[in-house]
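There are 2 protein chains.
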Amino acid sequence: MAYTIRVPSHGQTIAAEKKDILADKLQQAGVPLNLYCNKRGLCGKCFVEIVTGRRPDPGKREKFWLEQKDLSADHRLSCQYEVDGDLVVNVPVSSTHENVPILPSIPRSAVVPDPAVKKYYLELPKAEISSPDSLFERILTGLGAKSLKIPMETLKELGHTLKEAGQKVTVTVHRESQVLAVEPGNTLGQNFGLAVDVGTTTLVMELVDVESGRTLDMEAALNSQSRRGADVISRLTYALAEAKNAAELRELVLETLNQMARRLLLRNRISPASVYEVVVSGNTAMSHLLLGVPVETLARAPFHAVFSRLPGLNAREVGLSIHPHGVAYFAPNIKSFVGGDIASGLLAVRLADRSGHFLFLDLGTNGEIVLKAGEELIATSTAAGPAFEGMNISCGMPALPGAIYRAEDSGSIQTSTIGGSPAQGVCGTGLIDLMAIFLARGEIAPGGAIQKPTKKLPVAAGIVLTQDDVRQMQLACAAIKGGIRLMLRANGLSVEMLDGVFIAGAFGSYLNIRNSMAIGLLPRMDERRVMFIGNASLAGARLLLVAKEKREEVETLVQRIRYVSLASDREFQDYFIQALEFAGWP
Amino acid sequence: MAYTIRVPSHGQTIAAEKKDILADKLQQAGVPLNLYCNKRGLCGKCFVEIVTGRRPDPGKREKFWLEQKDLSADHRLSCQYEVDGDLVVNVPVSSTHENVPILPSIPRSAVVPDPAVKKYYLELPKAEISSPDSLFERILTGLGAKSLKIPMETLKELGHTLKEAGQKVTVTVHRESQVLAVEPGNTLGQNFGLAVDVGTTTLVMELVDVESGRTLDMEAALNSQSRRGADVISRLTYALAEAKNAAELRELVLETLNQMARRLLLRNRISPASVYEVVVSGNTAMSHLLLGVPVETLARAPFHAVFSRLPGLNAREVGLSIHPHGVAYFAPNIKSFVGGDIASGLLAVRLADRSGHFLFLDLGTNGEIVLKAGEELIATSTAAGPAFEGMNISCGMPALPGAIYRAEDSGSIQTSTIGGSPAQGVCGTGLIDLMAIFLARGEIAPGGAIQKPTKKLPVAAGIVLTQDDVRQMQLACAAIKGGIRLMLRANGLSVEMLDGVFIAGAFGSYLNIRNSMAIGLLPRMDERRVMFIGNASLAGARLLLVAKEKREEVETLVQRIRYVSLASDREFQDYFIQALEFAGWP
Ligand code: FES
Ligand code: FES
Chain A
52 MAYTIRVPSH GQTIAAEKKD ILADKLQQAG VPLNLYCNKR GLCGKCFVEI
102 VTGRRPDPGK REKFWLEQKD LSADHRLSCQ YEVDGDLVVN VPVSSTHENV
152 PILPSIPRSA VVPDPAVKKY YLELPKAEIS SPDSLFERIL TGLGAKSLKI
202 PMETLKELGH TLKEAGQKVT VTVHRESQVL AVEPGNTLGQ NFGLAVDVGT
252 TTLVMELVDV ESGRTLDMEA ALNSQSRRGA DVISRLTYAL AEAKNAAELR
302 ELVLETLNQM ARRLLLRNRI SPASVYEVVV SGNTAMSHLL LGVPVETLAR
352 APFHAVFSRL PGLNAREVGL SIHPHGVAYF APNIKSFVGG DIASGLLAVR
402 LADRSGHFLF LDLGTNGEIV LKAGEELIAT STAAGPAFEG MNISCGMPAL
452 PGAIYRAEDS GSIQTSTIGG SPAQGVCGTG LIDLMAIFLA RGEIAPGGAI
502 QKPTKKLPVA AGIVLTQDDV RQMQLACAAI KGGIRLMLRA NGLSVEMLDG
552 VFIAGAFGSY LNIRNSMAIG LLPRMDERRV MFIGNASLAG ARLLLVAKEK
602 REEVETLVQR IRYVSLASDR EFQDYFIQAL EFAGWP
Chain B
52 MAYTIRVPSH GQTIAAEKKD ILADKLQQAG VPLNLYCNKR GLCGKCFVEI
102 VTGRRPDPGK REKFWLEQKD LSADHRLSCQ YEVDGDLVVN VPVSSTHENV
152 PILPSIPRSA VVPDPAVKKY YLELPKAEIS SPDSLFERIL TGLGAKSLKI
202 PMETLKELGH TLKEAGQKVT VTVHRESQVL AVEPGNTLGQ NFGLAVDVGT
252 TTLVMELVDV ESGRTLDMEA ALNSQSRRGA DVISRLTYAL AEAKNAAELR
302 ELVLETLNQM ARRLLLRNRI SPASVYEVVV SGNTAMSHLL LGVPVETLAR
352 APFHAVFSRL PGLNAREVGL SIHPHGVAYF APNIKSFVGG DIASGLLAVR
402 LADRSGHFLF LDLGTNGEIV LKAGEELIAT STAAGPAFEG MNISCGMPAL
452 PGAIYRAEDS GSIQTSTIGG SPAQGVCGTG LIDLMAIFLA RGEIAPGGAI
502 QKPTKKLPVA AGIVLTQDDV RQMQLACAAI KGGIRLMLRA NGLSVEMLDG
552 VFIAGAFGSY LNIRNSMAIG LLPRMDERRV MFIGNASLAG ARLLLVAKEK
602 REEVETLVQR IRYVSLASDR EFQDYFIQAL EFAGWP
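Chains as they are written, first to last, in my numbering: chain A, 52 to 637; chain B, 52 to 637.
With the rest of the complex left out, here is chain A (with noise of 0.2 Å):
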């Protein structure tokens, strides 16, 4: 016998038989329920007023659900619901699921949000002398779940808490295999995450609404391991000089991390005990230290990582000072020196979901290079050095208050700021932007030398380009020039036929495309083409702490990725040297 099901809320009409649950039958429609606890009952979001059609006695949890929402009659939960008949439903806004989105600038990258760890209410019915369940194995049956994991601590309080609060109690669980909190009454809606990208220079931190995927705010920090050093190797270099110095760089980065934690969570008045996961995303080395994994074997030939992929780890362990039970998650580094930001990138792009050929530039000191080649994915890496960065730039520095980012050429010179304060130097996109201007001008010549018998170029008051800078400009762009030459020709695509090209990392939306390809760091081609994605990690972290299923899909990601090692490459010197010339291409 098949009835009729119109959803007249989402213009559907659906056909059933005898005994489908409404919410799998919605759910196959396409209509975007949310089915938070997986259709167990437990989560009271699956609402759906029956409009016309059998409204049986609505059950116990029900009960309290309709209440605490203050939800007619009429409403039933659909994961519960057995069709009967005919109906007609309505499907209120507050039982879907939005999109979250991830990277503002691309449209297809939103996400619906299905945390890790989910939160569910239960009200636990009196303790009979008759029914002899153990306390732990009553929260099970409350929760609907064969087996999970508990703390041993949490399960030595269980019993005070569960009198303390008269039964009710809130269960934290993560990944439907582990409790990692069971607090008294209701604490539904305080399940907080922090989404963090942990970049050799900057931190960066976004306190994240788990269940609704929202972020609420964030905190940037320079990286406190930079007085030991720039960039990844000098870094590197200091952890293996002496054997205090990598626990070292372990602290300066927790302690950064810790601190900005808590002042996103006094700002926002969230306690440090609602905050269940923190998402890490952070290039090899970085990762490396900060969980003090040591890095010899990643510094030194033949230059391996400990680890790529790791199970969620305990936050306290890792030493972030979240709930005591919390899980760190780490982005999976993809090979030894294309780490878990780029995996996050990637994932963050939905690159591998793509029809076409896709380049993703990481431009940082490492600049890392993954092409998308039909079905195939290449990932290398070449050493830029640190000038995108603005450092080894004599008027350089990072992208701060007082960096000249923009620069254009209207006769003389005029140079944007970042927060409009005085000139204090020049950060990566400042410099490419005024080495197109003087290679425009005839000031430097494409082959690099500065055309002035001063051999220096003026751009702003105390601030001067040394003929020794325009050196490191040089050579920064010649290693991704020729690292997208070379992958490029290798892979058998020109730069025609590439579909579009993400550009990631500190340069965000400030880089000036037109003056990148004048200068060569990036090929010619539509502009509509090339796609500014920003802080692709942090993004990535964000999404892989709001919605769990891509966690396996970027860990599934990273093993499928070759690298390609152009150290080990004859040809690539080649190309690096052809590419040291300032000029466009192809």
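What the hints contain is simulated information worked out from the structure, not anything from laboratory work.
Just so you know, these numbers come straight off a predicted model, no measurement behind them.
Please note that a few of the clues may not be correct.
It does not matter which identical chain is meant; a pair holds if it fits inside one copy or across any two.
Calculated pairs, SDA-like style, for lysine to any residue (alpha carbon to alpha carbon, straight line, at most 20 Å) [unchecked claim]:
#1 Lys90 <-> Asp135
#2 Lys200 <-> Leu364
#3 Lys200 <-> Arg367
#4 Lys295 <-> Glu208
#5 Lys90 <-> Lys111
#6 Lys200 <-> His376
#7 Lys295 <-> Glu204
#8 Lys207 <-> Pro345
#9 Lys219 <-> Leu194
Model the placement of chain B with the ligands on the given structure of chain A, informed by the hints.
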């Protein structure tokens, strides 16, 4: 195209298709092949001799094992062999698994070893710049594993271990999901576990080679908690009297267990670092106290245990001195007063697998009765008091050397003592024999009164039963008898309908069935249907240690069991009072 595989060694002829895996076909045909590594070609245990048929070049790992095992060049790993023609194969005994008997007294209780902890020896390829997989990823690949957890400490040592060991390591894996250890070199064969019965009175520990399933050695000791109370109730009372007491009880039992383990390991020249798992079986109170879980809810109405099923715990966190990342598994508790010791026992006798009606009795201070009535499993517990353990009896003592464990009446009373030493007291089985003798002689009336003016019954030099002793035995027997009768009646069964009775507990095989029936402790029935199974709790622990699939089995089992509370059953009072009469039944 169909081929024929002849296996003269096992009298089999098997049909196969091209590309079938030889191991699969042999396994399906019932050849007891040892497929230790789950057909991943890792363990080298599934070699067969190809008598006639194609012999493809052996793989690298296959060659390694051929050499290690000193097998002829005609041998191939059956899990790596694709059928491609008719075959005649010989399955050597070394490639089959032996069943390990669990309870020697019960023929159907044997099991194929398939431990939770397995070891794999890997010779990893030399690390190359051009294939920069991380060290841990290389191990995952070597193991053919998708993803594994690894302790942070192990991860931190990984670089060092691999380098020192020249990339040759033995990886210990728990349940194919968690690395416990990465050891330099080949440590196969060094894989041990401890099976422990934590009784209220006695602790028994077996040292087991988990790969063969064989028990190597055994230790027993008094539970040193006894000094704080002879039985569970007084132990719980003590634990609740002062805050520090529970911790003291925990330390007492842990100290003894660790001493026992130390003695076992020293005696067998085994390092604690080669012991990766402990399985603990004990009653609810013992497991709570051992884990330091508060016993308030267990000791006070409505008497709820805190936990029943627990996932594997870290042995170090539990306080057991084995490998630092070793695991402790606790046999799941059934209900408040029916603990993991009973669950283990039921598992050991395969109660759930048997068709028919069965009784399972554990006769101790707390008498546990489990009835299998058709498909139903019903458990109860009845407070027998400590008389069966020789406690609260003027001349009583536990079943230790010097205890009268057997008595016969050949005109005068003949007694046997444990160890043959001079009689120091009487243990449970001795008391039952004495009751039967004095009843038969008419020196005790069926109502329990001693028919002598002195109200004393001399047994041996200096050993005399008092009227109070008889009353204690009368109460203990009535608790069991009343419980059995009520359980049978409530489930529509009579004694004649029982297919068997299993008797577990300290009584072991010393219990005299005829005497037990004469005093009414056991129902009168064909003696061959009564099976003494000794320490079934320990047998179950060994089973759980040696065959990992038994853990799911026992966890499912405990959830299936319905509990009946005798304390809250009005009818039980009648049954109990009726049962006070010393008399055979039905
Ligand atoms: S999906 Fe959670 S109550 Fe229906
Ligand atoms: S089953 Fe392990 S090698 Fe075949």
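Here is what the structure says about each hint:
| no. | hint | verdict |
| --- | --- | --- |
| 1 | Lys90 <-> Asp135 | within (19 Å within a copy, 48 Å between copies) |
| 2 | Lys200 <-> Leu364 | both (14 Å within a copy, 9 Å between copies) |
| 3 | Lys200 <-> Arg367 | both (17 Å within a copy, 17 Å between copies) |
| 4 | Lys295 <-> Glu208 | between (38 Å within a copy, 16 Å between copies) |
| 5 | Lys90 <-> Lys111 | within (16 Å within a copy, 49 Å between copies) |
| 6 | Lys200 <-> His376 | both (12 Å within a copy, 17 Å between copies) |
| 7 | Lys295 <-> Glu204 | between (33 Å within a copy, 17 Å between copies) |
| 8 | Lys207 <-> Pro345 | between (35 Å within a copy, 6 Å between copies) |
| 9 | Lys219 <-> Leu194 | within (13 Å within a copy, 45 Å between copies) |
Violation of the numbered hints given earlier is absent; every hint is satisfied by the structure.
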